[in-house]
Amino acid sequence: MSVGENVCFSLDRLQEIDVLIKKYPGKRSALLPVLHMAQKDFGYLSMPVQQLVADTLDLRLMAVREVVTFYTMFREKPCGTYLLEVCTNAGCMLNGGNELLAHMTESLGIQVGETTPDGMFTVTEVECAGACAGAPVVQINNAYHEKVDAAYIDAFITKVKGDQL
Amino acid sequence: MISSDPKQVKAICFDRIHIENQTSLNIARKNGAYAFLPTVLKDFDTEHIVDEVKKSGLRGRGGAGFPTGLKWSFVPRNTGKPTYLLCNADEGEPGTFKDRDIMRFDPHLLIEGMIMAGFALGVHDAYIYIRGEFLHEVEVVDAAIKEAYAANLLGENILGSDFSMNLTVHRGAGAYICGEETALIESLEGRPGRPRFKPPFPAIEGFYRCPTVVNNVETLATIPAILEFGGDWHAAIGVPNNTGMKIFSVSGHVNKPGNYEVPMGTSLKVLIEEYCGGLQHGTVPKVIIPGGSSTPWLLAEHYDTPLTYDAMMKAGSMLGSGAIIVMDETADVIALTRRLAHFYAHESCGQCSPCREGTGWLERVMTRVENGQGCEEDLTVLHDAATHMAGRTICALADGAAAPILSLLKHFPDEVRERLMEKAA
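In order, the protein sequences belong to chains A and B.
Residue numbers for the first sequence follow the numbering used here, so the first one is 1 and each next one is one higher.
Residue numbers for the second sequence follow the numbering used here, so the first one is 1001 and each next one is one higher.
Don't read these hints as lab results, they were simulated from the structure.
A portion of the hints provided could be inaccurate.
Stated by the list, open to error - With a cut-off of at most 27 Å between alpha-carbon atoms, the simulated DSS-like pairs for lysine-lysine come out as follows: (1) A:Lys27 with B:Lys1081; (2) B:Lys1030 with B:Lys1198; (3) A:Lys22 with B:Lys1081; (4) B:Lys1081 with B:Lys1042; (5) B:Lys1054 with B:Lys1081; (6) A:Lys27 with B:Lys1146; (7) B:Lys1198 with A:Lys27; (8) A:Lys23 with B:Lys1081; (9) B:Lys1146 with A:Lys22; (10) B:Lys1256 with A:Lys147; (11) A:Lys40 with A:Lys22; (12) B:Lys1269 with B:Lys1314; (13) A:Lys27 with A:Lys40; (14) A:Lys161 with A:Lys147; (15) B:Lys1410 with B:Lys1055; (16) B:Lys1010 with B:Lys1030; (17) B:Lys1269 with A:Lys147; (18) B:Lys1146 with A:Lys40; (19) B:Lys1055 with B:Lys1010; (20) A:Lys23 with B:Lys1146; (21) B:Lys1081 with B:Lys1198; (22) B:Lys1146 with B:Lys1042.
Said to hold, decoys possible - To list a few chain A residues with every Cβ distance to chain B over 12 Å, as calculated: (23) Thr105; (24) Glu125; (25) Tyr152.
Note that CB positions come from ideal geometry on N, CA and C, so glycine has one too.
One chain only, chain B, in its complex shape:
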């Protein structure tokens, strides 16, 4: 049970996650799923819901951290066009694996959040775009949706109200870029996932050129608690401007990798030492990538940084999706950077030349540096290529590709030079 006292809250999205067979509607309902939904459908209206979500301070959990209530308020009313709600479950940022657990262990929480969001936005058709590899999760969510339809939680006149909404699972097919919201829309329209120019933003012209809201799984799964306990309750968890709980996916060189839902503002060190059982080797991390592979690296000196959007920004990185990749003293940061360069080159959609060409350059140069065929000049080439990609493309993939390269050059130039010398000799 989620506590109504914000100081006592232990979990929001993971509150029911350890209960067995929570995927079954009956069991989920016994544990509180959909309990507050009738009140929302009966007593709440759009304005009230959007206000509560704004008050809650909830920021998008997919990576960008954009205020959810504000995003919802951009959706124009009475355009004569339908409004669509899309759940972004294309969890592909290296290091991120939180949405998978919500979907496979508590799919009804996500469905309930989508019904509430759909009700607030006047949505009739909603979709969950799940990455293609998550076949098991597709099946679990699909089965949960079928049960929800049978119980009149989805479909026509939900629970006897005037509100009707359909919900469909859509399976992706292996493309990192489809996690970018406009690429996701392209993909959902049956095309390659190539991001669109913004503006117009999806809120104005999205799916089939209609008003569209795209929200992450964790964001939508937080909505039921916000509406039940109120925006102020949520705003009292965490720290100002960085409110609520957040799931952190911790991987790499820690003893207990996994998903941990903690109040925003918990420090990196506490998360890694107390929750994740510390590092595999040594006591000081060599590198921490705090928000997924696209975010700039932090070092041991940042170990006490609080896990908030603002503090991470101040430390020179980003909270991103909360995917924390930890490397201890044994890590080969050059090999890791080369691997990530390969990833971005593979995943670039190819429509912007700085990204298409740049990611290829970064991979080729990093490969020769790693293999000891590099030269001093390569450091300049890497730096130039990376700085000329970031910010010059339609979407942020190029920025993500540049981040590990620039971090390596900034923090470990000596290690790179040593590698050049070592192999040359």
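Chain A extracted, bound-state conformation:
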């Protein structure tokens, strides 16, 4: 969904947000969950979307901005259809996380943090995913993939590219 100037939540979403707000002593507590919802609905948190969240929760835009910029999972720019997040912290580093990341950027022809020109893949490096027994760990659109190697990633990329055709 493209983000125009006049963005709004669906009626279902607004009802869901109403229920959510009642679970907390203060409305502001709903900010992180509502930002997650907004990111899911609009793909990323553009300025109009952040304004929408601010209006929905009766907050100043600045209160939303400081939260969006503080937490790494909130994105202010669009990313590829497949967001590949590679952990390279201690456990993964000791088990090939860096080499895996290098393989991915090389085979996709992009730098860490970039998106392929066809808009399909974004590769990022993330901090400890909390699944170190499965090192190296790659999150693909929020799903954990553990003990990942180059062959696994290559097969995944080939598969989703094939699905597109």
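Go by the hints and put chain B onto chain A.
Same frame as chain A, now just chain B:
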């Protein structure tokens, strides 16, 4: 089944973990979930529960190891304000991955522990703060909570008692610092996770300035067994002052990385050799980080150290969250230290200058040391920066950032110098 004989106990938090579909309420109940809850709600009172938890010797499993019963006893009564219970499931300390398994395989154990803790503390609203990346776990716990509401295990007048409690899952959004309890509270209030000055401690002024208890997942998941079998039963497991079972998350250069729940006091060597299938290369570990990346390193000479809060302290480190990162002879400790320096610089919330500036310095200097652009003086810079950060900030992130640097300089100065020489030539 958990044995009532403390000597026979094989697991507490992981007792039901290998049973399939344990996430479903029916199956969990068939295997004993919530079986003892009616007795607690009917026959126990606050004083009795807090006493049992104190007697159990249970220490917080999130990292600090603070006695849980004592923490609960700090909560003032009759303040006219509500008391909140927050479960810290923001599992982010590099090397830690135990709470994830409790949540995804046995969420009802955590929920039961929270109902019991909430009952003891007079809580009406409780929250589980789960790190944002754990979307699957958020969904599993959320579904379990819905089932618990439908079975009157949560909500109004739980199981016909006078006790009512709501439980809500709250998803974080990717910030290591939110595992610090006051940062978690800030985050739960819809703000950036910047730790608060203490005192006041959360027990007095926490969530929305009301009395608040923040407990780790593993801590809360231990409560049902303590109340069923008694504080003395729990105190008889492990060793004095370090009682009970503990889950250790073992990662790095071991053949069978994973979570292992063992009695406190088991030695590092036994855990790594007998449970984790030994090292990937060689027979002697080069470095063991015993309690998550923020804890000082141990060497081969510490291989026989018992896994207890006290023994780890004596060995110069900390048990922390029980996240054991093992490195064998193939490990590049300089590259690892640089990687951890990057982590802390990325995760510093930025409100205290020693940490904001210090973590940046450590990362920049470590990067040039790793790349062979460093000089002898850099060792002094690293040492000075690290020692001037630790203990000078609101929270312990700066101490955590200093720990790997100081460990590297203390244990591997020759390796660092060699790297400087090698690249210079």
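- For the pair supplied as a hint, Lys1269 of chain B and Lys147 of chain A, is the alpha-carbon distance within the 27 Å limit? holds, 25 Å
- Would you mind confirming whether the straight-line C-alpha gap from Lys1146 of chain B to Lys1042 of chain B stays at or under 27 Å? holds, 24 Å
- Item | Minimum Cβ-Cβ distance from Thr105 of chain A to chain B exceeds 12 Å | Given that every Cβ of chain B is farther than 12 Å from that of Thr105 of chain A, nearest at about 17 Å, it holds.
- Straight-line Cα separation of Lys1146 of chain B and Lys22 of chain A no greater than 27 Å? holds, 16 Å
- Restraint check for Lys1146 of chain B with Lys40 of chain A, where alpha carbons must lie at most 27 Å apart: It holds: about 22 Å lies between the C-alpha atoms, which stays within 27 Å.
- Straight-line Cα separation of Lys1198 of chain B and Lys27 of chain A no greater than 27 Å? Between Lys1198 of chain B and Lys27 of chain A the Cα gap is close to 25 Å, so the pair holds against 27 Å.
- Please work out if Lys40 of chain A and Lys22 of chain A have their alpha carbons no farther apart than 27 Å. holds, 22 Å
- Query: Regarding the pair Lys1256 of chain B and Lys147 of chain A, is the alpha-carbon distance no greater than 27 Å?
  - Reply: holds, 12 Å
- Message: Please verify whether Lys1055 of chain B and Lys1010 of chain B have alpha carbons no more than 27 Å apart.
- Response: OK: Lys1055 of chain B and Lys1010 of chain B at ~21 Å, within 27 Å.
- Between Lys23 of chain A and Lys1146 of chain B, is the straight-line Cα distance small enough, at 27 Å or below? holds, 14 Å
- Between Lys1054 of chain B and Lys1081 of chain B, is the straight-line Cα distance small enough, at 27 Å or below? Measuring from Cα to Cα gives roughly 25 Å; hence the hint holds.
- Item | Restraint status (C-alpha distance of Lys1410 of chain B to Lys1055 of chain B at most 27 Å) | violated, 39 Å
Of the numbered hints stated above, those contradicted by the structure are hints 2, 15, 24, listed in ascending order.
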